[in-house]
Amino acid sequence: MATAEAPATTANAPTTNTGRLARAVSRGPLHVLIIAVCLAWMIPTLGLFVSSFREGSDIATSGWWTALSSPSTLNLENYRQVLFTQGMARSFLNSLIIAVPATLLTILVAALAAYAFSWIEFRGREALFLLVVALLVVPLQLTLIPVLRMYATVGLTGTFTGMWIAHVAYGLPFAVFLLRNFFIALPKDLLESAFLEGASHFTAFWRIVVPLSVPALAALGIFQFLWVWNDLLIALVYLGGSATVAPMTVTISNLVNSFGGAWQLLTAAAFISVTLPLLIFFALQRYFVEGILAGAVKG
Amino acid sequence: MAPSSKELSAGRPVSGRPDVSASARPGRRLSVAWLYLAPAGLLLGAFLVYPTISTIVLSFTDPLSGQFVGLKNYTYLFTSQQTLTVFRNNLLWLFLFTSATVTLGLLLAVLTNHVRYEAVAKAVIFVPMAVSFTAAAVIWRFMYIYQPATFAQTGVMNALVTALGGDPVAWITNRNVNNFALITSGIWMWTGFALVVVSAGLKGIPSEIIEAARVDGANERQIFWFIILPMLRSVLLVVSVTLIINSLKVFDLVYVMTFGNYDTDVLANRMFKEMFTFGNFGRASAVAVVLLAAILPLALFNLRRFRREQ
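The listed protein sequences correspond, in order, to chains A and B. Numbers 3 to 301, taken from the numbering used here, label the letters of the first sequence in order. Numbers 126 to 435, taken from the numbering used here, label the letters of the second sequence in order.
Derived by calculation from the structure, the hints in this document are not laboratory data. From a predicted model like this one, the values you see are computed outputs, not experimental measurements. Treat the hints loosely; a few may be bogus.
Stated by the list, open to error - These stretches of chain A come out as covered by chain B in the derived footprint (C-beta under 8 angstroms, 3 or more residues): (1) 45-56; (2) 92-102; (3) 109-117; (4) 121-135; (5) 212-223; (6) 276-284.
To be verified - A few chain B residues that don't get close to chain A, going by computed Cβ distances all over 10 angstroms: (7) V240; (8) P293; (9) S359; (10) K374.
What the hints assert, rightly or not - Per the computed footprint, the stretches of chain B lying under chain A, defined by three or more beta-carbons under 8 angstroms from a beta-carbon of chain A, are: (11) 183-197; (12) 279-290; (13) 312-323; (14) 349-357; (15) 403-413.
We put the beta carbon where it would ideally sit given N, CA and C, even for glycine.
Kindly generate the complete structure, drawing on both the sequences and the hints.
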């Protein structure tokens with residue numbers, strides 16, 4: 003899959019200065035259109051960002067764009083309040099506590115299975131792999147009630163452990179699918195000569211397959227982390243409404259319910275929740291885009 | 126696949142000894158594989174295979190007594206006014222969200238292909254994919270704020286409408302527009318996805334073909350309709366199917382923006398309501414099964430295509 007930073011192609015580039023100028027003028031509307039669309043796409047997030055620094059009374063009486071001409075009124079009070087009074091600091095931590103282990107465990111469990119599907123021969127391998135892939139099409143909704151009942155019986159509702167296991171399980175079909183496709187394309191000679199020299203599967207997995215698969219593991223890791231970080235449904239169903247374990251998505255949706263008009267809180271809370279994904283996006287854009295594109299097939 | 130590869134079996138972690146005969150000890154061979162497969166297998170069985178079957182069974186039962194009730198839950202879904210609105214809304218999402226997102230993605234892919242700042246433009250439009258649906262719902266509720274006409278409009282949409290001389294619109298509660306308002310937020314989120322995938326397809330078209338067409342006197346419009354579009358057919362198909370699947374499963378945006386009130390409910394949110402608001406697990410299961418039935422052929426199509434490309 004290509005990435006967002008593919009080089010721009012310019013067909014028949016003009017060589018003279020006048021040619022360049024004429025070309026630039028004739029393409030004026032194109033630039034205006036693209037830049038207008040980009041601005042339109044940024045406005046919603048920009049409005050959220052600016053408003054998160056405004057006083058509640060200002061937000062209620064004037065549009066956020068008016069603050070751009072009087073930036074002195076902006077301050078961090080909303081963040082202080084939402085983090086420490088409304089529990090977003092706790093929720094940020096909860097989101098991390100849920101997402102980090104869930105991501106690492108998904109990668110580990112999926113990589114083990116993908117290794118078996120790629121490099122250990124056994125009867126029924128293809129059929130079993132097809133079964134795993136088929137599970138990609140199952141919408142999460144289909145599993146909620148039985149799993150919730152199971153969780154209630156064994157006391158896993160409202161626990162981080164319950165969230166970890168559920169997220170790993172739900173992430174597996176896609177993760178196994180992605181990693182198996184990557185593993186099986188690794189150079190065959192390399193693994194076979196390692197086996198001939200007496201390497202065990204354990205050695206081959208940790209010393210050869212994992213180091214060679216860092217790009218795939220990274221793309222999967224980013225995708226899975228964001229998926230868990232941004233999840234609302236699973237947290238709502240398996241965690242319930244308890245604030246002590248609620249990730250940020252749940253806390254924000256609760257804030258919308260109870261303070262639908264308190265935009266100074268909502269905007270700050272929403273912006274806190276998007277900081278980490280945005281950082282990941284800008285720092286690791288290539289893996290990020292690859293992970294998202296590959297993950298689009300996820301059920 | 127039958128065990129036949131001697132090279133592989135030679136290195137199995139059977140205490141480091143080389144295998145004498147590959148077929149002699151199939152039991153050991155299997156046990157190694159199982160060691161690697163067991164964690165994934167257990168989880169998939171407990172969280173996907175068993176619950177799916179269980180939900181299908183549950184959809185034919187009465188939630189309280191556990192009695193088999195045949196198609197009762199389904200007849201309710203397909204006859205009740207409330208749930209018919211749900212289906213209508215998912216169809217609205219399916220058609221509007223998908224067609225608008227694919228069209229925008231295609232258009233922007235072709236346009237940005239001609240400028241030097243392509244990467245930046247694509248990144249800007251892709252950013253919403255990083256944001257959670259929950260945050261996006263807050264962002265768009267904020268865009269749609271409604272104030273009575275005598276007050277200053279603080280939402281971008283109504284500021285625009287009133288600046289153009291119109292009356293402010295209650296985007297979230299007005300039943301004539303609210304579904305479109307929600308769908309717009311979905312389009313904002315997913316256009317970056319369509320753009321990046323279509324753009325990758327665009328780069329895959331050999332430039333000689335386009336050059337040859339230009340030499341033969343084709344103009345840009347003809348090149349788009351008769352060369353680019355046909356060659357992007359399969360990419361556009363995959364993007365469309367992916368978006369349709371997402372339109373059928375849309376949940377968070379609706380849950381946070383309206384909770385399905387004011388006639389904006391969709392299948393996934395309706396299931397949540399049946400579970401937690403009405404406590405009717407039979408009907409909730411039936412909604413989930415309908416969702417599966419709608420998604421299954423599309424997802425299988427996408428998977429087959431995806432596997433072929435690997």
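Status of each hint after checking the structure:
1. Counting residues of the region 45-56 of chain A whose C-beta sits closer than 8 angstroms to any C-beta of chain B gives 6, which meets the bar of three, so the coverage hint holds.
2. Only residues whose C-beta sits within less than 8 angstroms of a C-beta in chain B count toward coverage, and the region 92-102 of chain A has 0 of them, not enough to reach three; the restraint is violated.
3. With 5 residues having a beta carbon nearer than 8 angstroms to a beta carbon of chain B, the region 109-117 of chain A meets the requirement of three or more and the stated coverage holds.
4. Interface restraint, the region 121-135 of chain A with chain B: holds (10 residues with C-beta to C-beta distance below 8 angstroms; minimum three).
5. For the region 212-223 of chain A, the stated coverage by chain B is violated: 0 residues have a C-beta nearer than 8 angstroms to a C-beta of that chain, whereas at least 3 were required.
6. As drawn, the region 276-284 of chain A meets chain B at 5 residues by the rule of a beta-carbon pair under 8 angstroms; at three or more, the given contact holds.
7. With a least CB separation of 6 angstroms from chain A, V240/B falls inside the 10 angstroms interface cut-off, contrary to its annotation.
8. The Cβ of P293/B lies farther than 10 angstroms from every Cβ of chain A, with a closest approach of about 12 angstroms, so its non-interface assignment holds.
9. Against chain A, the non-interface label of S359/B holds: every CB pair exceeds 10 angstroms, the least being about 14 angstroms.
10. Consistency note on K374/B: stated as away from chain A, yet its beta-carbon is not over 10 angstroms from all of that chain's, at 6 angstroms minimum.
11. Requiring three or more residues with a Cβ within less than 8 angstroms of a Cβ of chain A, the coverage given for the region 183-197 of chain B is violated, as only 1 such residues are present.
12. With 4 residues having a Cβ less than 8 angstroms from any Cβ of chain A, the region 279-290 of chain B passes the three-residue criterion, so the hint holds.
13. With 5 residues bearing a CB less than 8 angstroms from a CB of chain A, the region 312-323 of chain B meets the requirement of three and the coverage assertion stands.
14. Look at the region 349-357 of chain B against chain A: 0 of its residues bring a Cβ nearer than 8 angstroms to a Cβ of that chain, fewer than three, so the hint is violated.
15. Evaluation of the coverage hint for the region 403-413 of chain B: fulfilled, as 5 residues show C-beta separations to chain A shorter than 8 angstroms, against a requirement of three.
The structure does not agree with the numbered hints 2, 5, 7, 10, 11, 14 stated previously, though it agrees with the rest.
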